[in-house]
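Novice: This is what each chain is made of:
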Amino acid sequence: MLKALFNVFWKMPQGFWVTFKHIFKKPVTLDYPKKKKPMAPRYKGLQYLERYDDGSERCVCCGLCAAACPADAIYMEPMENEKGERLAKVYEINMIRCIFCGFCEEACPEEAIFLGREYEFSKDNRDDFIYTKEMLLVPHPRKGNPVKELLRFVRRAYGIGSIRR
Amino acid sequence: MLETIIISSVQVLVVVFAVLTACAYTTLMERKVVAYMQHRVGPITAGPWGLLTPLADAIKMIFKEDVVPDRVEKFAYALAPIVTLIPALLSFAVVPFSDDFTMFGYPVRGALSDLNIGVLWIFAVTSLGVYGIILAGWSSGSKYSLLGGIRASAQMISYEIAYGLSIVGVVLIANTLSMRELVTNQASDSIWFFSNWYIWKQPLGFFLYLTCAIAETNRAPFDLPEAESELVAGYHTEYSSMRFGMFFIGEYANMLAVAAVGTTLFLGGWTGPFLPGIFWFLAKVFVIMFFYIWLRATFPRFRYDQLMNFGWKVLFPLAILNTMVTAFFVVLD
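Residue numbers (the numbering used here), protein chains in the order written: chain A, 1 to 165; chain B, 1 to 333.
Treat the hints as calculated values from the structure; they're not laboratory data.
Each hint should be verified, as a subset may be incorrect.
To be verified - Sample of chain A residues facing chain B (criterion: CB under 10 angstroms; computed from the structure):
{"#": "1", "residue": "Phe20"}
{"#": "2", "residue": "Pro27"}
{"#": "3", "residue": "Asp31"}
{"#": "4", "residue": "Pro38"}
{"#": "5", "residue": "Phe103"}
Here a beta-carbon is modelled for each residue, glycine too, at the ideal position from N, C-alpha and C.
Bound-form chain A, shown alone (with noise of 0.2 angstroms):
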């Protein structure tokens, strides 16, 4: 009778006055739409395929992240170009099937694959998904002013800058 007592009139309004004083502490949500968190440096989102820095691909199509892919994403058909070189002519990443795993980078020996930042791309129907070759190269960088080559290689070992990346 005596434990009720306390229970009801010392135990329970402890209770409560936990309860009440998270109201004026400050929310964890954040507004998502509205307001993002960046992620981290290393976060595994959408492909990018590299280019050196005189503008021609790095991929020559070995087939090695196709063979280290475990959600079988990736088809690549090959082609020769004028100067000789291996080159991709198709190469395709299905990214519903894409795990973003990583292995991809990780067996490329000619570091042409990464994966960069991006993770908002929803479409609205399957077929938008398969991403090819034109979608997942880097633009052709600017050639020659050293000021650029110099920020763009501190951003990317500093890991700002754009989302793709």
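Starting from the structure of chain A, add chain B where the hints point.
Specialist: Frame of chain A, contents of chain B only:
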């Protein structure tokens, strides 16, 4: 004669509309308050601070498909939400919202009707709500619904005994059953405007009333019959769209009715200094609703046998004790 008919009709429309809107906004208030107590924000997208969320909910509910399983007893299935909602709204007929006033020269009563057995009306009408639960649970043709309905109705009738007895003390002190007179008895002209409230004379009665009311309206921590993890959704599993909407509104209307009756009996109704009566009434009802929601956010729910134990072996003897002690003091006076 014609004037009283018109005034009463307008009053009824205003009260029904106000109660339904209050129910809708109580759902929003609950979500926001529970959210802030859990260190997050509630709905913030529809309208500023999420204020249009009940409108969005209403539109969503109307557009949903009305799925009726083919094993139901059609008449009872259709009747159950109505039998749940109507008694909750009916109990507002005797609640005094404010003092009597005159508008454009016509006298307007503070309550919809000044029944001289107002308290008895409230308890009789709210007891009818149990039928809705039993009908819903049984007519749905599903084991979960039946179990949920049986449990809910058993819980409600168990707590009704202590519920009724808890206000007998107030009635003994006030010597009247009329709601309007109960409020006017609690008015006070001094600076301590709350000195005549019945909560000071009947603290145990108020505690019993509130606890039994929470059990009656199937709210946390007594909400086992409708807990999502226990029985899917209990007795309203098989209801969708507007039928479910009526159960939903009925539950919140019951909460509001219980809060309104509680303020009338224990917290002095519409009495208060300076501001018009309706404001004080709404403020007190708001305080009780906040307490309801605060209780929900704080404590886990009772197990069913603990719940029945509590109702019969703890609250019922306490209610009898309260009545006896009050009667003793009233006779001595």
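Novice: With reference to the structure, classify each hint as holding or not holding.
Specialist: Hints versus structure:
{"no.": "1", "hint": "Phe20", "verdict": "7 angstroms, holds"}
{"no.": "2", "hint": "Pro27", "verdict": "5 angstroms, holds"}
{"no.": "3", "hint": "Asp31", "verdict": "7 angstroms, holds"}
{"no.": "4", "hint": "Pro38", "verdict": "22 angstroms, violated"}
{"no.": "5", "hint": "Phe103", "verdict": "36 angstroms, violated"}
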